[in-house]
Amino acid sequence: MNSRIAALFAFCAAALCGPASAFDMGKMNTILKTGQSGAWDQRDEGETYVLDNDSNPASIRYYFIKPNAGHEGTRSVSVELDFRDEAASTRGGLIVGFDETDKSYYLFVLSPAGELTLFQRKPDGGKILFKGKAKGVTDGFNTFTLVEADGACG
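Letter by letter, the sequence shown follows residues 609 to 762 of the working numbering.
Do not rely on the hints blindly, as some may be mistaken.
Unchecked claim - Have a look at the derived ranges for each label pair, beta carbon to beta carbon:
| # | residue 1 | residue 2 | range |
| --- | --- | --- | --- |
| 1 | D710 | G654 | 34 to 40 Å |
| 2 | E694 | I736 | 18 to 24 Å |
| 3 | K743 | N664 | 14 to 20 Å |
Stated by the list, open to error - The calculated DSS-like cross-link candidates involving lysine-lysine, where the alpha carbons are at most 27 Å apart (straight line), are:
| # | residue 1 | residue 2 |
| --- | --- | --- |
| 4 | K730 | K711 |
| 5 | K711 | K735 |
| 6 | K674 | K641 |
| 7 | K711 | K743 |
| 8 | K739 | K641 |
| 9 | K743 | K674 |
| 10 | K735 | K674 |
| 11 | K741 | K730 |
Just so you know, these hints were derived from the structure itself, not from any lab.
Backbone N, C-alpha and C define an ideal beta-carbon position, used for all residues, glycine too.
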C-alpha cells in the first residue's frame, strides 16, 4: 500500500524513525520521520511524504497534532492521497475529534475505489457510522477535505 500525503493535521498511518526533510507539512514536520518502522517504510520524495506497507495489511499507525485553539467552528483539514500498488486493505484519511482522556475519535477513510467510511471509536469499541461511495476518485492525487461548521465537521 502506498499513500502520498500533503498538508494534513492527522493521518491514519505512522512512523517513528530518522528525520523528516524536504517535504513541508507544517506542524506535522516535527513528527513525520523517514526510514523503516515495523511494516512501514516512510520516505521523503521531495514535496511529498510517502508511506509504504507491503507486508502487513492490518498495520495501522496514527499521527496526531493538536489543532490551534480559538478557531473552533472554522477549521478545515485536508490530505492529498495518491494510492499506488493498491491492496484490498488500502485506505487513507483523517482523524478528527480525538479525545486524549478516553482515546475516542472519528476516522474518515477513503479507498482507491472511492469507498468512503466514517468510523467512530469509543472506549467500549468502535462502529461504522457511514459507508458510501465518493464520486470523482481518480488515479493520481485525490484531495480529501473536512470542513468544520459551527463546531461540527461536514
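Has the given pair, K711 with K735, been kept, meaning a C-alpha gap of at most 27 Å?
Holds, at roughly 14 Å.
Is it true that the CA of K711 sits at most 27 Å from the CA of K743?
31 Å, violated
Taking 14 to 20 Å as the hint, is the beta-carbon distance of K743 and N664 inside that range?
31 Å, violated
Just to be careful, I want the Cα atoms of K730 and K711 compared with a cutoff of 27 Å; is the pair within it?
7 Å, holds
Holds or violated: K741 with K730, Cα cutoff 27 Å?
25 Å, holds
Can you tell me whether the CB distance of E694 to I736 sits inside 18 to 24 Å?
21 Å, holds
Between K739 and K641, does the CA-CA distance stay at or below 27 Å?
It is violated: about 32 Å lies between the C-alpha atoms, which goes past 27 Å.
Proposed proximity, K674 with K735 (alpha carbon, max 27 Å):
Given pair K735, K674 holds - Cα atoms ~24 Å apart, limit 27 Å.
Is the hinted pair K674 and K641 satisfied, with a Cα-Cα distance of at most 27 Å?
Within the cut-off at roughly 18 Å; holds.
Taking 27 Å as the top limit, are the C-alpha atoms of K743 and K674 close enough?
Distance of about 30 Å is beyond 27 Å: violated.
Check the following: the C-beta atoms of D710 and G654 are separated by a distance inside 34 to 40 Å.
39 Å, holds
In the structure shown, a violation is registered for the earlier hints numbered 3, 7, 8, 9, in ascending order.
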